[in-house]
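Visitor: The listed protein sequences derive, respectively, from chains A and B. Note that UniProt numbering numbers the first sequence so that position 13 is 13, with each residue one more than the last. Note that UniProt numbering numbers the second sequence so that position 13 is 13, with each residue one more than the last.
Hints are not guaranteed to be accurate.
What the hints assert, rightly or not - Partner residues aside, some chain B positions facing chain A, computed with beta carbon under 8 Å:
id : residue
1  : Thr51
2  : Val174
3  : Ala181
4  : Trp196
5  : Ala260
6  : Gln261
7  : Leu288
8  : Leu292
9  : Arg295
10 : Leu296
11 : Ser297
12 : Ala303
13 : Leu304
As the list claims (entries may be wrong) - Here are the simulated distance ranges between beta carbons:
id : chain 1 : residue 1 : chain 2 : residue 2 : range
14 : A       : Pro121    : B       : Gly176    : 49 to 55 Å
15 : B       : Asp175    : A       : Glu81     : 52 to 58 Å
16 : B       : Thr243    : A       : Val62     : 53 to 59 Å
17 : B       : Arg70     : A       : Gln324    : 48 to 54 Å
Just so you know, the hints here were simulated from the structure itself, not pulled from any lab data. Glycine included, every Cβ here is placed at the ideal spot set by N, Cα and C.
There are 2 protein chains.
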Amino acid sequence: MSEQSDIPEVVGDESGERLAAGVSIGAGAPVLAFDVGGTDIKSALFDADGTVLGLRRTPTPVRGEDSPARLIERLAELADELRAQHPDVVPQAVGLVVPGIVDAESGIGVFSSNLGWRDAPMRDLMAARFGMPVAFDHDVRTASWAEHVLGGARDYANAVVLIIGTGIAGALLVDGRPYTAGGYAGEIGHSPLGEWPCPCGARGCLEAIASAGAISRRYTEATGDPVDGARDVIARAAAGDDTAARIWNEALDALTMSIAQLTAVIAPQAVVIGGGLSRAGSALFDELRTRLADRLSFHRIPALVPAELSGDAGILGSALRARQAVQA
Amino acid sequence: MSEQSDIPEVVGDESGERLAAGVSIGAGAPVLAFDVGGTDIKSALFDADGTVLGLRRTPTPVRGEDSPARLIERLAELADELRAQHPDVVPQAVGLVVPGIVDAESGIGVFSSNLGWRDAPMRDLMAARFGMPVAFDHDVRTASWAEHVLGGARDYANAVVLIIGTGIAGALLVDGRPYTAGGYAGEIGHSPLGEWPCPCGARGCLEAIASAGAISRRYTEATGDPVDGARDVIARAAAGDDTAARIWNEALDALTMSIAQLTAVIAPQAVVIGGGLSRAGSALFDELRTRLADRLSFHRIPALVPAELSGDAGILGSALRARQAVQA
Chain A
1 MSEQSDIPEV
11 VGDESGERLA
21 AGVSIGAGAP
31 VLAFDVGGTD
41 IKSALFDADG
51 TVLGLRRTPT
61 PVRGEDSPAR
71 LIERLAELAD
81 ELRAQHPDVV
91 PQAVGLVVPG
101 IVDAESGIGV
111 FSSNLGWRDA
121 PMRDLMAARF
131 GMPVAFDHDV
141 RTASWAEHVL
151 GGARDYANAV
161 VLIIGTGIAG
171 ALLVDGRPYT
181 AGGYAGEIGH
191 SPLGEWPCPC
201 GARGCLEAIA
211 SAGAISRRYT
221 EATGDPVDGA
231 RDVIARAAAG
241 DDTAARIWNE
251 ALDALTMSIA
261 QLTAVIAPQA
271 VVIGGGLSRA
281 GSALFDELRT
291 RLADRLSFHR
301 IPALVPAELS
311 GDAGILGSAL
321 RARQAVQA
Chain B
1 MSEQSDIPEV
11 VGDESGERLA
21 AGVSIGAGAP
31 VLAFDVGGTD
41 IKSALFDADG
51 TVLGLRRTPT
61 PVRGEDSPAR
71 LIERLAELAD
81 ELRAQHPDVV
91 PQAVGLVVPG
101 IVDAESGIGV
111 FSSNLGWRDA
121 PMRDLMAARF
131 GMPVAFDHDV
141 RTASWAEHVL
151 GGARDYANAV
161 VLIIGTGIAG
171 ALLVDGRPYT
181 AGGYAGEIGH
191 SPLGEWPCPC
201 GARGCLEAIA
211 SAGAISRRYT
221 EATGDPVDGA
231 RDVIARAAAG
241 DDTAARIWNE
251 ALDALTMSIA
261 QLTAVIAPQA
271 VVIGGGLSRA
281 GSALFDELRT
291 RLADRLSFHR
301 IPALVPAELS
311 GDAGILGSAL
321 RARQAVQA
């Protein structure tokens, strides 16, 4: 499942306390926004201008029997602190995005191994506790939609967004809207390509060979040599390390194969790539473009473009969703 | 590209002159409908009750420089004959579906190797010649949509339809509507899985190993033994022929892999399988169900259901599209 929102831990760094310069969700109702991952909660208030206030990153409560209730209490505390800091900004709705299998339409957290829940009616529980409308959605799908509204996917109504970090999560935009299939769509990281094992229980999953996490793990397993993330493996490959070159080549081949399949089946106008691995820049994008053109024939090859909102796409999308809940 | 509408030539038989018993497009305006393939044209008139009249199969004109114009003249002749036979049925619109890359929105036949055209403004040319509204669309996408309206996909708003015959063509239904991506979506037959060559110029395409055409061709290449289609190879595999068993097993593995990828990425409620190979029945469907469940983990496994309209889905869809053109 798409359980990684905390991608920057793998490659790169992020303070988590500042949005990328110049990013605003635009004018509208003030809202509270949360982006909850397995490790951290990002929380913030957005004012009527769309400016973020009090953005911070705090630990996610340890999972357990009453995980949904404990999480909601923690979010309420964070909200109280934000409102105390900014008494003049009165939020009209709350956005909450989480990993796992999410049925946004019914407001249910169907399954999350990181957060430890099953079939939790999160939207209704949140609305009861907060006393205002709540938007509840999947973190990566929401982040992808934010890339469509504000970021790298803004020119493309039909796009696939791939977030490559600890794992690989994806989301499909169809006519500018997330395509969800009851929460099950977009599991590109767990789309099979071969026979290698994957911790999810399936075989040959893309993320077990091509995520930033898999690249550094496979290198360490092959050499016994701990590395500083996928970026380090890529640098070693460029410097002539054969093992690093093989592992990076296998990751690129698997990503190319997956994108080629997406191209044949969904024919997106663009594949927007974010997450830690996207910071490899041309070492990733140019290689994928060359390999993709080599693999395919009559197909319409999508633009490969970097995500622009980085780790902020989730909280920005959460705020945008909350704005929709106000309007609803 | 999805160039096969004439699937029954590979496995099974079909008179092409009778619809499956009881199938009607329902009450509405009388319409003319054409389903043009690389080999044959199916033509018919549908009356106000939705009953098919004069359904026949005639050869497609040989491709050449002026293919679009020659095809349209041939369709006009067929229409004249139908109208002479049924003078009391006055069609209000025409439906035309063709293989290749079709941009239904703009009414353009972008590319068809079988029909020999590029960027032909078929809808406008047809409308000028016929003097009535024309619906122009892709054969397999239209057939898939007909399966949604009248056939095996009727219970599923989100489905993938796979037509497995000479080649493998696919179509995606999203919220009950064909998802087209400018005509490029649904090329599941040319989605890559490996490194084997494909006549399309790409490598590892599904249809080069798992279509009915590929199964019989690969068997004959391996043994020098001509076979009577994929059905014969499947029968030989069941009777203990090792080569047949290997080729059928490789086809099943490739189909399983493709459906597993669709499941992870698009999560359709159902995969509807038609075309000649679907007549293999439980030898195909039960095997795919077992292998799919074995390959995947948390994924929502789609129902695998046989298409119901068989070779008639194209002409029925063409008539349904023509009805929409009347309303428009």
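Visitor: Taking the hints in turn, state whether each one holds.
Guide: Do the hints match the structure? See the list:
1. The restraint placing B/Thr51 at the interface with chain A is violated, with a minimum CB-CB distance near 36 Å, outside the 8 Å limit.
2. Among the interface hints, the one on B/Val174 holds; its C-beta lies about 6 Å from the nearest C-beta in chain A, closer than the 8 Å criterion.
3. For B/Ala181, the interface hint holds, the least distance from its beta-carbon to any beta-carbon of chain A being 4 Å, beneath 8 Å.
4. Because the closest C-beta pair between B/Trp196 and chain A is about 13 Å apart, greater than 8 Å, the hint is violated.
5. The beta carbon of B/Ala260 comes within 5 Å of a beta carbon in chain A, closer than 8 Å, and the hint placing it at the interface holds.
6. With a least beta-carbon distance of about 5 Å to chain A, the hint placing B/Gln261 at the interface is held under the 8 Å criterion.
7. Checking B/Leu288 against chain A: minimum C-beta separation of about 14 Å lies over 8 Å; hint violated.
8. Contact between B/Leu292 and chain A, as hinted, is not supported at the beta carbon level, the nearest pair being about 10 Å apart and thus beyond 8 Å.
9. A cut of 8 Å between beta carbons decides the hint on B/Arg295: the least distance to chain A is about 6 Å, and the hint holds.
10. Taking 8 Å as the C-beta cut-off, the interface hint given for B/Leu296 holds, the closest approach to chain A being about 5 Å.
11. Checking B/Ser297 against chain A: minimum C-beta separation of about 3 Å stays under 8 Å; hint holds.
12. With a cut of 8 Å, the hint placing B/Ala303 at the interface with chain A is violated, because the nearest CB-to-CB distance is about 13 Å.
13. Interface restraint check for B/Leu304: the shortest CB-CB distance to chain A comes to about 16 Å, outside 8 Å, so the restraint is violated.
14. Taking 49 to 55 Å as the suggested C-beta distance range, the pair A/Pro121 and B/Gly176 does not conform, at roughly 28 Å.
15. Checked against the hint of 52 to 58 Å, the C-beta distance between B/Asp175 and A/Glu81 comes to roughly 41 Å, which is inconsistent with it.
16. In this structure the hint that B/Thr243 and A/Val62 lie 53 to 59 Å apart at CB holds, the actual value being about 58 Å.
17. Our hint of 48 to 54 Å for B/Arg70 and A/Gln324 holds, since their Cβ atoms are close to 53 Å apart.
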